[in-house]
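2 protein chains.
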Amino acid sequence: MTFTSSLKQRWNDADSLVCVGLDPEPAKFPARFANDADAVFSFCRDIADATAQYACAFKPQIAHFAALGAEDALARLIAHIHATHPGVPVILDSKRGDIGSTAQHYAAEAFDRYAADAVTANPYLGRDSVQPFLDRADRGVVILCRTSNPGAGDLQDLVIDGRPLYQHVAEKVAREWNTNGNCSLVVGATWPAQLKEVRAIVGDDVPFLVPGVGAQGGDVEAVVTNAKNAAGTGLMVSSSRAILYASKGDDYAEAAANAARELQDQINRFR
Amino acid sequence: MTFTSSLKQRWNDADSLVCVGLDPEPAKFPARFANDADAVFSFCRDIADATAQYACAFKPQIAHFAALGAEDALARLIAHIHATHPGVPVILDSKRGDIGSTAQHYAAEAFDRYAADAVTANPYLGRDSVQPFLDRADRGVVILCRTSNPGAGDLQDLVIDGRPLYQHVAEKVAREWNTNGNCSLVVGATWPAQLKEVRAIVGDDVPFLVPGVGAQGGDVEAVVTNAKNAAGTGLMVSSSRAILYASKGDDYAEAAANAARELQDQINRFR
Numbered sequence: 001m002t003f004t005s006s007l008k009q010r011w012n013d014a015d016s017l018v019c020v021g022l023d024p025e026p027a028k029f030p031a032r033f034a035n036d037a038d039a040v041f042s043f044c045r046d047i048a049d050a051t052a053q054y055a056c057a058f059k060p061q062i063a064h065f066a067a068l069g070a071e072d073a074l075a076r077l078i079a080h081i082h083a084t085h086p087g088v089p090v091i092l093d094s095k096r097g098d099i100g101s102t103a104q105h106y107a108a109e110a111f112d113r114y115a116a117d118a119v120t121a122n123p124y125l126g127r128d129s130v131q132p133f134l135d136r137a138d139r140g141v142v143i144l145c146r147t148s149n150p151g152a153g154d155l156q157d158l159v160i161d162g163r164p165l166y167q168h169v170a171e172k173v174a175r176e177w178n179t180n181g182n183c184s185l186v187v188g189a190t191w192p193a194q195l196k197e198v199r200a201i202v203g204d205d206v207p208f209l210v211p212g213v214g215a216q217g218g219d220v221e222a223v224v225t226n227a228k229n230a231a232g233t234g235l236m237v238s239s240s241r242a243i244l245y246a247s248k249g250d251d252y253a254e255a256a257a258n259a260a261r262e263l264q265d266q267i268n269r270f271r
Numbered sequence: 001m002t003f004t005s006s007l008k009q010r011w012n013d014a015d016s017l018v019c020v021g022l023d024p025e026p027a028k029f030p031a032r033f034a035n036d037a038d039a040v041f042s043f044c045r046d047i048a049d050a051t052a053q054y055a056c057a058f059k060p061q062i063a064h065f066a067a068l069g070a071e072d073a074l075a076r077l078i079a080h081i082h083a084t085h086p087g088v089p090v091i092l093d094s095k096r097g098d099i100g101s102t103a104q105h106y107a108a109e110a111f112d113r114y115a116a117d118a119v120t121a122n123p124y125l126g127r128d129s130v131q132p133f134l135d136r137a138d139r140g141v142v143i144l145c146r147t148s149n150p151g152a153g154d155l156q157d158l159v160i161d162g163r164p165l166y167q168h169v170a171e172k173v174a175r176e177w178n179t180n181g182n183c184s185l186v187v188g189a190t191w192p193a194q195l196k197e198v199r200a201i202v203g204d205d206v207p208f209l210v211p212g213v214g215a216q217g218g219d220v221e222a223v224v225t226n227a228k229n230a231a232g233t234g235l236m237v238s239s240s241r242a243i244l245y246a247s248k249g250d251d252y253a254e255a256a257a258n259a260a261r262e263l264q265d266q267i268n269r270f271r
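Same order as they appear, the protein sequences are chains A and B.
Be aware that the first sequence starts at 1, since it is given in this note's numbering, and climbs by one per residue.
Be aware that the second sequence starts at 1, since it is given in this note's numbering, and climbs by one per residue.
These are calculated hints, taken from the structure and not from any lab test.
There could be a bad hint or two in this list.
To be verified - Computed footprint of chain B on chain A, listed as stretches where at least three residues anywhere in the stretch have a Cβ under 8 Å from a Cβ of chain B:
no. : stretch
1   : 30-41
2   : 56-65
3   : 103-113
4   : 120-127
5   : 165-175
Built from N, CA and C at the ideal position, the CB exists for glycine as well.
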């Protein structure tokens, strides 16, 4: 199965467009993990197990592991998800981007070392910097288009030939880079108008990874109505902190499951 | 000492603008490392020790370590350089870029976990994505401007208000982002005309990290004459493969030293 077909299958099987972000921050962990030497793995595993039934994908964010020197926990977490929830693809959120010969090593990091089904990538260096990811036809490449952060427009809104840079990125990806049909785009939930514009450019077949609901303030109704495709899918609406840290008590897993299910329900009302 | 002051001091002390790139690829290591379980560290350490006297900086490229699961070797390598060659700053080449809250974790990765003196960063997400790096006033932030790879122009050459994107990046960095005086720019050796344009935009005080001489084909004379500042410095001319893999024999360290010294001499002829 390719990432794209796994994702389509999962949208239907789980009736969910929720992507559960796994961003471990030990200071926010429930008290019971205070003496767990393997807390990063244990906490993320518990969240994954509790939320899998509501998830179309998992998205571990690698900086959170790297800052802690927890690469081993990340590898074991992804292996655990593959073994325990085999229908749920894993996107390694690392936003890599480098010259082609180096990008090959980043592709090896994401796809071979961590066995991720997809990886996020930065387009600033151009097509040859993304090619080693694109060449792995069974894996997904989720390319930054219009990001969710306040400063997104600093570069992404600069206007070339009457259209902002992020629209040029969307067009390049859809028309030129997506020859293996394995590209997705990152478009932030905080920019509903831009979600609509990008969907109009790329059509129904390019999935969007949509961060920015929850802690960053994106509105679910606006996201879904503006960004869904004709089938009422096409989205991985990502939530991290609002799910992971829904409770600091012993009900953390249940609270995370509830938060994921509520987001699923909220999304499904507008599909 | 800040990164910027360390670098200036080192340009003078070593009379060198050579940045030695540390990109370990075990398949290219000399035969003597075949049975060394710690080959990634041992090889890079030997290269660093052999080339330090000719180097204004070292630049380990993290993808090469990450693909091998060799984060521990990277940490020990940087610690070794700091201990053994304290005047030579270390740039962690990781080209990170993410929303602010995540970028804080990447800053912790580069500056706290690995104790790097500087880090490379991607500007596509805008200022707030770089801010956690900029805020570390004692460390350097080396921002991608015009990269050395063939596809660099795909996005970087798109024209906004009569000027290509990479020039807008150069201007933003020099005029807006560099409030702590800790910014440098990546401008590839493969684009001599662009080196000259960017130097004209940013003036003498923003150092350039210039990859692309050697294996990528950049011309040293064109780089130095177009990109040096008024003091005949301002450059970190990076070479990786041509130094690291100068010999596969037992003379690998001596060959690396010779390659670094030759690049130093070549550069100094045109300063």
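Which numbered hints fail = 1
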